[in-house]
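Peer 1: Chains X and F, in that order, give the protein sequences. Last residue of the first sequence: 266 (my numbering), numbering continuous. Last residue of the second sequence: 659 (my numbering), numbering continuous.
No lab work stands behind these hints: they were computed from the structure. Computed from a predicted structure; not experimentally measured. Be a bit skeptical, because a hint or two may be false.
[Stated by the list, open to error] In the DSBU-like style, the derived pairs of lysine-lysine whose C-alpha atoms are separated by at most 30 Å in a straight line are: (1) 634(F) <-> 164(X); (2) 163(X) <-> 299(F); (3) 164(X) <-> 603(F).
[Stated by the list, open to error] Listing some non-contacts, in silico: residues in chain X with all C-beta distances to chain F over 10 Å: (4) 2; (5) 13; (6) 32; (7) 55; (8) 56; (9) 70; (10) 119; (11) 131; (12) 145; (13) 158; (14) 167; (15) 195; (16) 244; (17) 248.
We treat Cβ as the ideally placed atom computed from N, Cα and C, and that holds for glycine.
One letter stands for each residue in the lines below.
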Amino acid sequence: MTRIDRVFRRLKAKGEKALIPFITAGDPDLETSRRIALEIAARGADLLELGIPFSDPLADGPTIQAASNRALKHDVHLEDVLKLAGKLRADTDIPLVLMGYYNPILQYGLERTAKEAARQGVCGFIIPDLPLEEAGAWRAAAIKTGLAPIFLAAPTSGPERIKKLGQLTKGFLYYVSLTGITGARTALPPELAQELEDVRRLVRCPVAVGFGISTPEQVRDLSPYVDGVVVGSAIVQKVANYAGESTIKEIGDFIAALKAPLRRQP
Amino acid sequence: MQPDRRGHFGKFGGRFVPETLMPALLELEEAYKRITRSPEFHQELAWYLKEYVGRPTPLYLARQLTETLGGPQIYLKREDLAHTGAHKINNTMGQGLLAKRMGKRRLIAETGAGQHGVATATVAALLGLECDIFMGTEDIRRQRLNVMRMKLLGSRVVPVESGSCTLKDAMNEAIRDWVTNVRHTYYVIGSVAGPHPYPMLVRDFQAVIGKEARAQLRRRTGRLPDALVACVGGGSNAMGLFHPFLKDPVRFIGVEAAGHGLPTGCHSATLVAGTVGVLHGALSYLLQNPWGNICEAHSLAPGLDYPGVGPEHAYFKETGRAEYVAVTDDEALEGFKLLARTEGILPALESAHAIAYLSKLAPEYSAKDIIIVNLSGRGDKDVEAVAEILEGE
Numbered sequence: 001m002t003r004i005d006r007v008f009r010r011l012k013a014k015g016e017k018a019l020i021p022f023i024t025a026g027d028p029d030l031e032t033s034r035r036i037a038l039e040i041a042a043r044g045a046d047l048l049e050l051g052i053p054f055s056d057p058l059a060d061g062p063t064i065q066a067a068s069n070r071a072l073k074h075d076v077h078l079e080d081v082l083k084l085a086g087k088l089r090a091d092t093d094i095p096l097v098l099m100g101y102y103n104p105i106l107q108y109g110l111e112r113t114a115k116e117a118a119r120q121g122v123c124g125f126i127i128p129d130l131p132l133e134e135a136g137a138w139r140a141a142a143i144k145t146g147l148a149p150i151f152l153a154a155p156t157s158g159p160e161r162i163k164k165l166g167q168l169t170k171g172f173l174y175y176v177s178l179t180g181i182t183g184a185r186t187a188l189p190p191e192l193a194q195e196l197e198d199v200r201r202l203v204r205c206p207v208a209v210g211f212g213i214s215t216p217e218q219v220r221d222l223s224p225y226v227d228g229v230v231v232g233s234a235i236v237q238k239v240a241n242y243a244g245e246s247t248i249k250e251i252g253d254f255i256a257a258l259k260a261p262l263r264r265q266p
Numbered sequence: 267m268q269p270d271r272r273g274h275f276g277k278f279g280g281r282f283v284p285e286t287l288m289p290a291l292l293e294l295e296e297a298y299k300r301i302t303r304s305p306e307f308h309q310e311l312a313w314y315l316k317e318y319v320g321r322p323t324p325l326y327l328a329r330q331l332t333e334t335l336g337g338p339q340i341y342l343k344r345e346d347l348a349h350t351g352a353h354k355i356n357n358t359m360g361q362g363l364l365a366k367r368m369g370k371r372r373l374i375a376e377t378g379a380g381q382h383g384v385a386t387a388t389v390a391a392l393l394g395l396e397c398d399i400f401m402g403t404e405d406i407r408r409q410r411l412n413v414m415r416m417k418l419l420g421s422r423v424v425p426v427e428s429g430s431c432t433l434k435d436a437m438n439e440a441i442r443d444w445v446t447n448v449r450h451t452y453y454v455i456g457s458v459a460g461p462h463p464y465p466m467l468v469r470d471f472q473a474v475i476g477k478e479a480r481a482q483l484r485r486r487t488g489r490l491p492d493a494l495v496a497c498v499g500g501g502s503n504a505m506g507l508f509h510p511f512l513k514d515p516v517r518f519i520g521v522e523a524a525g526h527g528l529p530t531g532c533h534s535a536t537l538v539a540g541t542v543g544v545l546h547g548a549l550s551y552l553l554q555n556p557w558g559n560i561c562e563a564h565s566l567a568p569g570l571d572y573p574g575v576g577p578e579h580a581y582f583k584e585t586g587r588a589e590y591v592a593v594t595d596d597e598a599l600e601g602f603k604l605l606a607r608t609e610g611i612l613p614a615l616e617s618a619h620a621i622a623y624l625s626k627l628a629p630e631y632s633a634k635d636i637i638i639v640n641l642s643g644r645g646d647k648d649v650e651a652v653a654e655i656l657e658g659e
């Protein structure tokens with residue numbers, strides 16, 4: 001059982017749902033990312049997603065594209081993100097999940113990435129442009145080192161693919177809330193709750209939902225239908241306006257507000 | 267050759283896309299399989315290619331150019347005479363009819379030089395489909411004429427401000443739009459690039475170039491050419507010319523853009539100077555840094571200004587079936603002037619790269635040999651840019 005499994009099991013026993021915040025590693029710089037990550041972990045996050053900067057993030061909207069560019073400007077690459085994870089590991093138990101596009105991982109080497117990630121205490125990996133058809137080699141390399149290859153399912157997937165993705169994924173299945181790219185939305189698709197119910201009938205693993213979710217109200221509305229909620233752009237937007245300590249505290253308060261509706265309701 | 271079941275040419279190709287798009291690619295593959303078996307579709311496409319596009323395009327023996335170069339006989343496959351002024355329409359006509367059969371009501375496309383954008387906008391107008399074209403702001407600046415053409419044809423031109431503001435970024439943005447509107451939108455990829463089945467499908471629609479050229483030369487001379495020469499950005503005009511000669515003893519030469527020169531790093535010579543990686547849904551050669559981030563490409567020819575290349579070209583390179591070379595911006599300009607003065611034809615700057623390489627290639631051949639060059643597009647769109655450079659000298 002991996003660290004991710006243990007978190008979902010513990011939360012389930014308590015009747016809680018997981019909050020999974022996302023930040024881009026190296027935005028605005030690695031040291032600030034580290035401090036933001038620690039604040040996020042301390043204020044109620046259950047897992048943390050660290051984005052690996054990439055020049056052509058085609059599943060991301062403008063907010064995370066910009067974050068990626070800021071990190072790339074001072075040459076933050078996969079290896080730096082792995083080292084950041086290792087540093088965080090020393091200060092927090094929160095399971096760390098890396099999210100990155102396939103090409104940087106391919107260039108670093110699939111087995112090398114998996115080995116290094118495991119060595120630095122990373123728990124899982126999400127690769128948004130690696131569908132199950134192409135994921136064989138990566139999945140094998142990840143599993144060999146005890147790293148969870150986390151797959152995404154989408155509203156267009158259909159029951160057959162969702163079942164298959166549920167079998168292949170480790171840790172949890174990441175359900176994409178809408179057909180589209182990342183980025184805060186004021187409204188989520190009305191059919192989302194029904195879709196999530198269907199997905200949870202099709203798979204046995206925990207299901208987390210992400211893309212477009214940016215407010216405690218949206219988190220509250222989705223909470224009954226999932227095991228976890230991912231919030232990315234809304235946090236990254238706060239990082240974009242980074243102005244020292246006050247921003248870190250503001251992010252911490254936001255995390256606490258997002259987590260509140262995921263705790264067991266009395 | 268056909269790719270394997272999951273769209274690989276050897277190790278190249280495949281489908282590296284967000285899960286949201288996978289079902290759309292599978293649907294497209296199914297729909298494409300159905301129409302390749304449908305005689306009505308082939309009849310309909312053939313009718314449009316003849317009556318609307320103006321095919322077959324001539325295979326023209328360029329006597330003055332031949333004489334000037336003093337080596338082999340040079341034939342030009344006149345894709346510049348196809349409707350809209352480039353080979354791009356062969357593909358958009360096919361994909362437009364396919365989209366219509368699939369019940370999609372909106373087309374999107376990326377464009378660099380604007381030729382593929384114009385060809386898509388044209389077909390959208392013809393078939394009564396909505397159309398948005400993604401174009402980098404740098405290319406919008408360089409290709410004003412084509413921007414105006416697309417607008418006149420009723421398409422929206424969406425300026426793309428990210429990255430290098432050229433073709434690569436336009437393609438990112440088109441993919442992002444497709445992920446968002448996948449249910450009613452058909453993405454018309456303009457080259458033999460992108461995820462499977464696009465490289466196969468675009469190649470098949472462009473293969474009309476090589477099929478015609480093969481038959482035309484045979485009728486005229488009773489023989490095969492010795493070599494085929496075409497410029498390579500993503501590689502669709504080259505693949506279209508090459509593919510019908512795949513099993514013949516004919517040399518394939520793809521000419522990439524060396525931009526300011528390969529040692530400057532300021533070029534688009536993906537196959538000549540790139541390394542293997544994944545971009546825009548396929549494993550192929552790329553211009554990238556050691557960390558796997560994509561580099562900005564450069565070429566005077568906006569249609570070649572792309573840091574990737576079609577996966578089947580990567581396969582041809584690896585197996586040695588085709589040779590890939592590169593010529594600089596300056597050499598391409600010389601090619602542009604050479605064809606204008608010897609034959610009275612202004613080639614597109616992209617095609618001028620293929621013409622330019624002839625000066626290097628001709629000495630290897632004698633007067634009995636035959637080379638076919640794909641004149642993939644006309645140069646009207648480039649007149650302003652070329653004038654700017656020549657007047658600056």
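Peer 1: With reference to the structure, classify each hint as holding or not holding.
Peer 2: Going down the list of hints, with the structure as the test:
For the given pair, residue 634(F) sits about 60 Å from residue 164(X) by alpha-carbon distance, which is inconsistent with the 30 Å threshold. Annotation: proposed proximity of residue 163(X) to residue 299(F) holds, straight-line Cα distance about 26 Å (limit 30 Å). Our distance criterion of 30 Å between C-alpha atoms is broken by residue 164(X) and residue 603(F), whose separation comes to about 58 Å. The Cβ of residue 2(X) lies farther than 10 Å from every Cβ of chain F, with a closest approach of about 22 Å, so its non-interface assignment holds.
Distance to chain F confirms residue 13(X) as a non-interface residue, since its nearest Cβ pair spans about 30 Å, more than 10 Å. The claim that residue 32(X) is not at the interface with chain F holds, since no C-beta of that chain comes within 10 Å of its own (minimum 21 Å). At roughly 4 Å, the least C-beta separation between residue 55(X) and chain F is not larger than 10 Å, which violates its mark as non-interface. For residue 56(X), the condition that its CB be more than 10 Å from all CB atoms of chain F is violated, with the nearest at approximately 5 Å.
Every Cβ of chain F is farther than 10 Å from the Cβ of residue 70(X); the closest lies at roughly 13 Å, confirming the non-interface assignment. The beta carbon of residue 119(X) sits about 19 Å from the closest Cβ of chain F, which is more than 10 Å, so the claim that it is off the interface holds. Annotated as non-interface, residue 131(X) brings its C-beta within 10 Å of a C-beta of chain F; the closest such distance is 5 Å. The beta carbon of residue 145(X) is kept farther than 10 Å from every beta carbon of chain F, the shortest such distance being approximately 20 Å.
Listed as a non-interface residue, residue 158(X) fails to keep its Cβ farther than 10 Å from every Cβ of chain F; the least gap is roughly 6 Å. At roughly 15 Å from the closest C-beta of chain F, the C-beta of residue 167(X) stays outside 10 Å, upholding its exclusion from the interface. Here residue 195(X) stays apart from chain F, with its beta-carbon at least about 13 Å from theirs, past the 10 Å limit. At roughly 28 Å, the least C-beta separation between residue 244(X) and chain F is larger than 10 Å, which holds for a residue marked as non-interface.
Listed as outside the interface, residue 248(X) is consistent with that label: its C-beta sits roughly 28 Å from the nearest C-beta of chain F, beyond the 10 Å cut-off.
Hint compliance for this structure: hints 1, 3, 7, 8, 11, 13 are not met, and every other hint is.
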